[in-house]
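Converting from the sequence shown to the working numbering requires adding 14 to each position, the first position being numbered 1.
Treat the hints with caution; some may be incorrect.
Calculated lysine to aspartate or glutamate pairs in the EDC-like style (CA-CA distance at most 20 Å, straight line) [what the hints assert, rightly or not]:
id, residue 1, residue 2
1, K65, D26
2, K65, D22
3, K88, D71
4, K102, E92
5, K65, E92
6, K102, E86
7, K102, D62
8, K65, E95
9, K88, D59
10, K88, E98
11, K88, E78
12, K65, E98
13, K102, E78
Think of the hints as simulated: they come from the structure by calculation, not from any bench.
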Amino acid sequence: MTNGAILDTVRDRMDVPYYVAMGIVVVIIGFYFFRPRAPLPPGMDAMDLVKAGRRHDAMGLHREQTGASLHEAKAYVEALERGENPPKRP
15 MTNGAILDTV RDRMDVPYYV AMGIVVVIIG FYFFRPRAPL PPGMDAMDLV KAGRRHDAMG
75 LHREQTGASL HEAKAYVEAL ERGENPPKRP
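Could you build the full structure based on these sequences and the hints that come with them?
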């Protein structure tokens, strides 16, 4: 189902103007894609997050703790996933 078909379905079922239907669809999509993530439990490190499948949280935690760039954090997490020693920061 395309976005246009979704929008037409919402508009037809609710009998509302097009711009209201568009707003409803945008809100629904926003909640689906940008829903809040669960908070990190205290004491978790990047390796624990990688094992739990929370790769993006692991990168964010590494960046917070070390001040690393996004590229460095990604390389760090990928090394953890491969079971290698993560690269050291210069």
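How the hints compare with the structure:
This hinted pair does not check out: K65 and D26 have alpha carbons roughly 45 Å apart, beyond 20 Å. Between K65 and D22 the alpha-carbon distance is near 42 Å, which puts this suggested pair outside the 20 Å criterion. A hinted pair counts as satisfied when its Cα atoms are at most 20 Å apart, and K88 with D71 qualifies at roughly 11 Å. For the proposed pair K102 and E92, the alpha carbon gap of about 13 Å is at most 20 Å, so the pair holds.
Proximity of K65 to E92 is assessed by CA-CA distance (about 12 Å); at most 20 Å being required, the pair is judged to hold. Note on K102 and E86: the hinted pairing holds, with a Cα-Cα distance of about 9 Å set against a maximum of 20 Å. At most 20 Å may separate the alpha-carbon atoms for a hinted pair to count; K102 and D62 meet this at roughly 19 Å. The straight-line distance between the Cα atoms of K65 and E95 is roughly 8 Å, inside the 20 Å bound, and the hint therefore holds.
Taking the CA atoms of K88 and D59, the gap is about 15 Å. The hint holds against a cut of 20 Å. Between K88 and E98, the direct Cα distance comes to roughly 14 Å. Compliance with the 20 Å bound is thereby established for this hinted pair. Taking the CA atoms of K88 and E78, the gap is about 13 Å. The hint holds against a cut of 20 Å. For the proposed pair K65 and E98, the alpha carbon gap of about 14 Å is at most 20 Å, so the pair holds.
A distance of roughly 16 Å separates the Cα atoms of K102 and E78; the hinted pair therefore holds under the 20 Å criterion.
Checked against the numbered hints given earlier, the structure breaks hints 1 and 2 and satisfies all the rest.
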